[in-house]
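Asker: What follows is each chain in one-letter form.
Number of protein chains: 4
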Amino acid sequence: MAPAKKGILERLDGGEIVLGDGGFVFALEKRGYVKAGPWTPEAAAEHPEAVRQLHREFLRAGSNVMQTFTFYASDDKLENRGNNLQFTGQQINGAACDLAREVADEGDALVAGGVSQTPSYLSCKSEDEVKAIFKKQMDVFIKKDVDFLIAEYFEHVEEAEWAVHVLKSSGKPVAVSLCIGPEGDLNGVSPGDCAVRLVKAGAQIVGVNCHFDPTTCVKTVKLMKEGVERAGLKAHYMVQPLAFHTPDCNRQGFIDLPEFPFALEPRILTRWDVQKYAREAYDAGIRYIGGCCGFEPYHIRAVAEELGVERGFLPAASEKHGMWGSCLDMHTKPWVRARARRDYWEKLKPASGRPFCPSMSTPDSWGMTKGHGDLMQQKEATSEEQLKQLFQKAKVNI
Amino acid sequence: MAPAKKGILERLDGGEIVLGDGGFVFALEKRGYVKAGPWTPEAAAEHPEAVRQLHREFLRAGSNVMQTFTFYASDDKLENRGNNLQFTGQQINGAACDLAREVADEGDALVAGGVSQTPSYLSCKSEDEVKAIFKKQMDVFIKKDVDFLIAEYFEHVEEAEWAVHVLKSSGKPVAVSLCIGPEGDLNGVSPGDCAVRLVKAGAQIVGVNCHFDPTTCVKTVKLMKEGVERAGLKAHYMVQPLAFHTPDCNRQGFIDLPEFPFALEPRILTRWDVQKYAREAYDAGIRYIGGCCGFEPYHIRAVAEELGVERGFLPAASEKHGMWGSCLDMHTKPWVRARARRDYWEKLKPASGRPFCPSMSTPDSWGMTKGHGDLMQQKEATSEEQLKQLFQKAKVNI
Amino acid sequence: MAPAKKGILERLDGGEIVLGDGGFVFALEKRGYVKAGPWTPEAAAEHPEAVRQLHREFLRAGSNVMQTFTFYASDDKLENRGNNLQFTGQQINGAACDLAREVADEGDALVAGGVSQTPSYLSCKSEDEVKAIFKKQMDVFIKKDVDFLIAEYFEHVEEAEWAVHVLKSSGKPVAVSLCIGPEGDLNGVSPGDCAVRLVKAGAQIVGVNCHFDPTTCVKTVKLMKEGVERAGLKAHYMVQPLAFHTPDCNRQGFIDLPEFPFALEPRILTRWDVQKYAREAYDAGIRYIGGCCGFEPYHIRAVAEELGVERGFLPAASEKHGMWGSCLDMHTKPWVRARARRDYWEKLKPASGRPFCPSMSTPDSWGMTKGHGDLMQQKEATSEEQLKQLFQKAKVNI
Amino acid sequence: MAPAKKGILERLDGGEIVLGDGGFVFALEKRGYVKAGPWTPEAAAEHPEAVRQLHREFLRAGSNVMQTFTFYASDDKLENRGNNLQFTGQQINGAACDLAREVADEGDALVAGGVSQTPSYLSCKSEDEVKAIFKKQMDVFIKKDVDFLIAEYFEHVEEAEWAVHVLKSSGKPVAVSLCIGPEGDLNGVSPGDCAVRLVKAGAQIVGVNCHFDPTTCVKTVKLMKEGVERAGLKAHYMVQPLAFHTPDCNRQGFIDLPEFPFALEPRILTRWDVQKYAREAYDAGIRYIGGCCGFEPYHIRAVAEELGVERGFLPAASEKHGMWGSCLDMHTKPWVRARARRDYWEKLKPASGRPFCPSMSTPDSWGMTKGHGDLMQQKEATSEEQLKQLFQKAKVNI
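Protein chains in written order, with the numbering used here: chain F, 37 to 434; chain R, 37 to 434; chain U, 37 to 434; chain B, 37 to 434.
Errors might be hidden in some of the hints.
Since the list can't tell identical chains apart, any single copy or any two copies may satisfy a pair.
Think about it this way: if two alpha-carbon atoms lie no more than 27 Å apart in a straight line, the pair counts; the simulated DSSO-like pairs of lysine-lysine are [what the hints assert, rightly or not]:
hint, residue 1, residue 2
1, Lys-312, Lys-429
2, Lys-383, Lys-312
3, Lys-369, Lys-167
4, Lys-236, Lys-431
No lab work stands behind these hints, which were simulated from the structure alone.
Chain F with its partners taken away, still in its complex shape (with noise of 0.2 Å):
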């Protein structure tokens, strides 16, 4: 029998580095097994081969945690507006889990439940009705013994607060991120103030996920560290940002950015960028260090090898790469071979080959949150004529 893994917190408080994930719907919507625009999990179900060897890829490249495939697998989000599924919440949840089991069994990773934010919060839903969905979620991940909890992707602390009460009702160690940037929270509550009341709700690992790009996220968590070390609080921190450049996003993020979900191509970040974020990272004393949107496997090899000087080790699919490009010197081509170097990579500007778009956009900033009629769900599809008047809008808001 092999010995028991170090659990997360063993981890994190001898000092470890813990390497996430990358972003599984964005890149499970690429191969073909998620629907952008509703962006459920349900291909844990439906395509098992597909989630597993996506997990097999993010192992391979030198994640320590398998996050199980359950984001916005809540019962309320996984039938709203249309989305006709044939699986029950409890069935995507569960096969979920046993799929990250598998492949985590395969190496030296974590098992970690997902919950996220509702539509049922932002249609103005009860705490306890709120609560009650994230519980039922978080039943399956106990039943499958994960090894711990993450509640990620709230745009709102409240509805975070909530999802870690009910989370650390498990006894499982809590980890929360938010996917907001500097500004704060959709009701401006600043990064320092939502950490500290996070860790006060219970979370021992404190973040932000998804929105925002590297260098945002990473100045988003220093200034929830501030704040958590000014309150005289202890927690860890992670980080798990896009793999996209997001320089010109407004306090909504990237959704907001006229190319989400289906032109960001041109933002996405090189292994290079992913480098440089890895080392901030770091530097900043952030030790749970991953992905979000976007970030492919070869993004996560990315990480584990800036940092594997620091961690001892490179991961496996690092036999298919050289550090710094020292892989081309096998190229045919004798001035490719000339750029198997670091200090090539470092300082190259790459260019976009798009001479006819610019360089930054203007987010759509329509401005709503929590509480707007526009934002309330519902069951049935989109009518056309509901959304005759989005398009309407949309003219007039430019």
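Fit chains R, U and B to the supplied structure of chain F, relying on the hints for placement.
Answerer: Positioned in the frame of chain F, the structure of chains R, U and B alone reads:
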């Protein structure tokens, strides 16, 4: 027993559109199974589950051809410059055939055995020596009974002719595609003349793949078609371009761009770029339409969706997609639902998010081709001294 | 005899818009009469016809103020770093007053005598020494009976206060403008605090000029206005920004941009950018609106045209222009006549024509200000050895 | 009495470099004396001081030619589309000659009388009618005894030939320059063929001006030179390009760019761009080197400085400049002094400061030339109805 599938020529002769697949070496490099530099396909034997999964994703996206993952799988390339592999060429080629067949049989796809240009030709080996290399791969393909053969990624029409000569001897249909642009092959033979020579050599399908973006590739195939028709000959046409914008390429193609191969992200095509490409290729009379490096499953799905009316059906992966972004009508945020329309995505000029980067680059343009001393290959790894000379040369050339 | 013109305060108190002029040093550098580097105004004495012509162009464009061409005309600056001139400070200041008066009397313009920051302050000379320098220039202005005085282009509020103290002693109205952005002066004094100090020192008009683009400058003056109003004080406000886009500036302003001063062309404002600026400045409650470096006569005309309704008339130079491009209805080519409309020019996003260049730069940020040894000035020319050290430093700082 | 100046042919035959001047209509439009749209030169009579000053600035910058400010000063253009002027063609042409002569006599410059393409030709008037128009302008030039004649800015070689025929009858040396690019004139006549026809018509100097950037213009003149030499003929060559980068132009040149004429700022050449141009022109064997629209005095000075060694002297305006930025050694800020070197300016890729704008545009490409109904000119102003139709057409063409 399932009814026999229609062969490649039967389909093309009947006016059907044949969808190629995407680029394996780039996709699997990002997933952690292929090493950039050598770019060899040992994963077929080493990590079959990863290769099988990628085949499946392309099948699901609409591909009619499962090309064996045998790019650069000639013996001389497999052991070039210290590329020390644990599998023989025969093992890799054989494993690749098995995987392609397995997945092809899950749907309406054919298996194509593929050969590509050799370091031997670049190193001025004789016609007999080069042909013997192609023959060795072909023998495996014949034994595994592939449906047809493709000779692809040739920079010199002469080597492609040799390949066609060898492949024709099998009696299987032969497709051939060069990696050239409108300026012709690296010896300056025009696309029209190249095509005529290849048709005369016996190829039934001619075209281009890799090295250039869709616009450039379609333009090049048009020139081929004009040449063939001017010569009073007949052929089918294929195109499998990069999924990268390359308006700044010289005759060598994207290999010469400073971003190759590790900083091409900002150039990646959106799905809408691909739909435009599919239409242009179709309008140019090309009927074998696929992709090369950079083409991920969602890019192939975009080809299938653009040509859905002409083909009469949508691919399986379209269950997780909506034409022209229509699936966004299920998004929780109203301003994102407002993007659920063709008009929006068709007109969008996506920002790079990189204000410190240019939109075009200057290619390296060392200007050497077959026969140049620096292009002689070697079994031993590139030495430190050899690298040092190249780094020096690169600085001088700036 | 012509009726006496209304004074500057009479105009502003009466709610009139006062149009400043544009930037003399940059415009005359391009015309061949000012040397970049020293940027001194000896042309007033050396080539009066060139200075007179530029005054006339601004008058014709709508300027209500002929500012004496006495920027950097303090004695310590005129002989700084080997700037060997054939005219004394008194000659230059006197000639500049004569030219300004001559042209002002051709229309409805006032003459403003101007002083600016001194190398003496940067070199840590005493308050008395610095004040004596301002006094020397002012004595000429008083003798020539200018209409009011401007102390402009100060990076440190302290030196500006000293200037205001001196100028106030004349009994003439005093305007003062700093070359700072929203982050405040180089010692970190906020715009609001700067403005309060300057109003308390006796300035009737406060604002900013130079160093930043219109958006940044208007934002800074707004902060000044808020500060003054919060302090229960009263003032008029002025703004004279660069005619260059500077979204990438740090606190030092455009001096720190790598393009300063010889590659700023791609940043030059169009006339439509200027109209947007004029409207924003007006809406912010600023009534003294002009330009600084980069502002050519047609930029000032654009201010006059944007505010034509508010001012009740158009300037003389509008005879050779049409509002919002309407004059293009006389072009010989129909597609150019089709551009004779506001809608067209207002929405256009002009291309740079430079696909190999980025859209933003990284400022030098050597991060030194008054008191730093490297900022000590000298009478002798910069030596080869001094330059060599700087070149070396520049390389290290990249 | 001063010794007679060497004539234009004497200079060119002797191998001297002749520096042209810059663009009057664009420069004077920005100064407030020329109306964009008609672009007529009534300022010569209306505001002689402004025209004189610009001549002086070009002389001071190194120009050897004072071209009369008579662009579009043919009678049919002066009264086109409601251009209601207070001066006759004779008055304008005469005044322009006087001004050019006055300033030419202040230095070593010749006076060139200039004619340009006519609306009559565009409106399909007969050869006799068009020639009569040229004759009328030429008669003034002869009376004023200019030193040589230039027929410039022709889109159709046929009209240029007619102009040369007329000008040759004067006995003065004749230069002729088309506003075409490498694709040839608007009827598709190649640059080589155009040049041969013009030399055969009697021109001693041939070349191109306006419509394209320096790179494109030098390339076009090279094609002309090759054509002339292939035909066994002899000529001198001239080039006077735009001071705008136009990599995105079609055959119509910058008129077709959406930014023409009021948003070309981001495309303006730096002085360093101009030095590169001057070198390329010289290396191509062109000896009459100047500029057209966008060329300001400092651009011409840059030509003179780049070719200072070859010419043996620097122009007067270089007193207020230092080669390759060396004058920055007198700047007060050390990091700006660190830019006082060639290496710095030669390598700099200047940012646009416009992250929301693209780097290239799509030309209008309405695709009409002489003979098309929409190109017929009229004496009456363009009517509201005519404009409305054009606005509609512009929308459809997008």
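Asker: Which numbered hints does this structure break?
Answerer: Hint 4 alone not satisfied by this model.
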